[in-house]
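> Listed below are the residues making up each chain.
Number of protein chains: 2
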Amino acid sequence: MPVVLYHGGAAANSLKSLLPLFEKKVDFKSHLMALVNFEQHEPWFTKINPRGQVPVLVHDQYVLDESTLINEYVDDTFPGLPLKPSDAYGRHQMRVWTKFVDEYFCPALSFLGWHAMIKNAVAHLSEAEFEAKVARIPLKEQQDKWRITAKQGYTKEQLDEWRRQVRVSIARLEQQLGQTTWLAGDTYSLADIAVFSMALLLPTRWQDDVNTRTTPHFMAWHARVSSRPAVKNALAMPNPVAGTHEAAAKAWKT
Amino acid sequence: MPVVLYHGGAAANSLKSLLPLFEKKVDFKSHLMALVNFEQHEPWFTKINPRGQVPVLVHDQYVLDESTLINEYVDDTFPGLPLKPSDAYGRHQMRVWTKFVDEYFCPALSFLGWHAMIKNAVAHLSEAEFEAKVARIPLKEQQDKWRITAKQGYTKEQLDEWRRQVRVSIARLEQQLGQTTWLAGDTYSLADIAVFSMALLLPTRWQDDVNTRTTPHFMAWHARVSSRPAVKNALAMPNPVAGTHEAAAKAWKT
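Listed in order, the protein sequences are those of chains A and B. The first sequence begins at 1119 in this note's numbering and counts up one residue at a time. The second sequence begins at 1119 in this note's numbering and counts up one residue at a time.
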């Protein structure tokens, strides 16, 4: 039963779906895609996922999208380390965290990241080339995000609000991790995986807010997650946006 | 083991968490709250849910929020009709629908509904009374929503975009229901419950887009869901916003 993950490298939502595959030692084929080159909107891929989004997991005849829900499927389907708490209340708490990532923490970081990075990433394209790429994007919301971040960028009010949301998120994480070893209780779970995939670079990008003095419990948790063999293996994968990330690191908070 | 649901009546997210309790015949206490009177932000309730949001399920020592995740818990915990598909792929498809409701369909309907209703709902309050109520709301995003909808309302561009999203949602539902009896396949599930709770009034409020000619599969599904005894029982519960809903029905699409 072949397993293929189409993904954008060891960052954000793609990292989120890579981690359970490594934790559970699933024998999968990694198909790395060049997201800043709009590869996910090419016809060969929209035949697989009409929404033109990654990550996508293909397992036998099934095609699955949405990283959070791919992870539930992977944990339900493959043997190895369980990544959901064994009790219903623990699973509820786990899902509160994965939902918080999807609806609050990740969008705030994503809008800030796109604002900082996309303009440079598409600077080599002519106006006509850029518009031709954007016209192929299936989702209008994604078209808007590409156009705005490639052109004028977001407003100061929008950026300030997303920065506030990141700080609210950091405080919420620190509070929980002062009470429990892992986000959903006593065991490492999809909650830790979802948050870590977004929070990976907080200690370097948000140093004023995330450090051993201000957020000691978060930092200890970050080190605990980072030291897991599966996490090390996932982070050793090629990351096509690393260069762009690096270039944008200084701009991130301005 | 006492079970209590704090909720705002048989509509939207509160209806969503009432339905599984009725389907599974859980013996629960219904605690109806007056949302337009800001009861969910009163100190007695924020002691239960610091986020000041409903619905909230209390089961023994556990306090659970987030209607979609409450429903996963209820299905995991109580006997009776299973409301999740028995296979992992079916559960994935079910969660794609519940996630779509939470991140796309419900927000669009909710912003349109608030825009149409809240101004009238708080017209009896003085400026000072209103601000005192809003100041108690724990979440800044909710404060913003109350202030904007009570004062200037949303812009034409915002309203048009949410109307577009509702139409996209209707098309997506019609397409799926042309292929399968229920949204996640052959069995009634939390997917149908999540969508129905939001789509309940579409045939009356969005008549031009939702009718037996344009969306025959959706209409047949709507009738199938409506005829379930558990749904009839839930919809027979008191609905404190019905009057407000009714008054806003004409304004909804303007």
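Don't read these hints as lab results, they were simulated from the structure. Predicted, not measured: the structure shown is a model, and the values here were computed from it. Some hints here could point you the wrong way.
For chains that are exact copies, the list does not tell them apart, and a pair is met inside one copy or across any two.
Stated by the list, open to error - With a straight-line cut-off of 20 Å between C-alpha atoms, the simulated SDA-like cross-links for lysine to any residue are: (1) K1251 - A1341; (2) K1258 - R1282; (3) K1251 - A1239; (4) K1263 - A1239; (5) K1165 - Q1261; (6) K1258 - E1279; (7) K1258 - Q1293; (8) K1143 - V1121; (9) K1165 - Q1293; (10) K1237 - F1156; (11) K1258 - K1274; (12) K1143 - G1296; (13) K1258 - R1285; (14) K1165 - R1290; (15) K1263 - D1278; (16) K1263 - E1275; (17) K1165 - Q1276.
> Does each hint fit the structure? Answer for all of them.
Quick rundown of the hints versus the structure:
1. K1251 - A1341: neither (39 Å within a copy, 43 Å between copies)
2. K1258 - R1282: between (26 Å within a copy, 10 Å between copies)
3. K1251 - A1239: Within one copy only: 13 Å inside a chain, 46 Å across chains, cut-off 20 Å.
4. K1263 - A1239: Only inside one copy: K1263 and A1239 sit 14 Å apart there, 35 Å across copies, limit 20 Å.
5. K1165 - Q1261: within (19 Å within a copy, 42 Å between copies)
6. K1258 - E1279: between (23 Å within a copy, 10 Å between copies)
7. K1258 - Q1293: Classified as between; 19 Å across copies, 37 Å inside a copy.
8. K1143 - V1121: Classified as within: same-chain Cα gap 12 Å, cross-chain 40 Å, threshold 20 Å.
9. K1165 - Q1293: between (44 Å within a copy, 17 Å between copies)
10. K1237 - F1156: So K1237 and F1156 pass the 20 Å test inside one copy only (14 Å; across, 43 Å).
11. K1258 - K1274: between (23 Å within a copy, 18 Å between copies)
12. K1143 - G1296: For K1143 and G1296, the Cα distance exceeds 20 Å both inside one copy (30 Å) and across copies (39 Å).
13. K1258 - R1285: between (29 Å within a copy, 13 Å between copies)
14. K1165 - R1290: For K1165 and R1290, the Cα distance is within 20 Å only across copies (17 Å; inside one copy 40 Å).
15. K1263 - D1278: Both: 17 Å inside a copy, 18 Å across copies.
16. K1263 - E1275: both (17 Å within a copy, 16 Å between copies)
17. K1165 - Q1276: neither (35 Å within a copy, 31 Å between copies)
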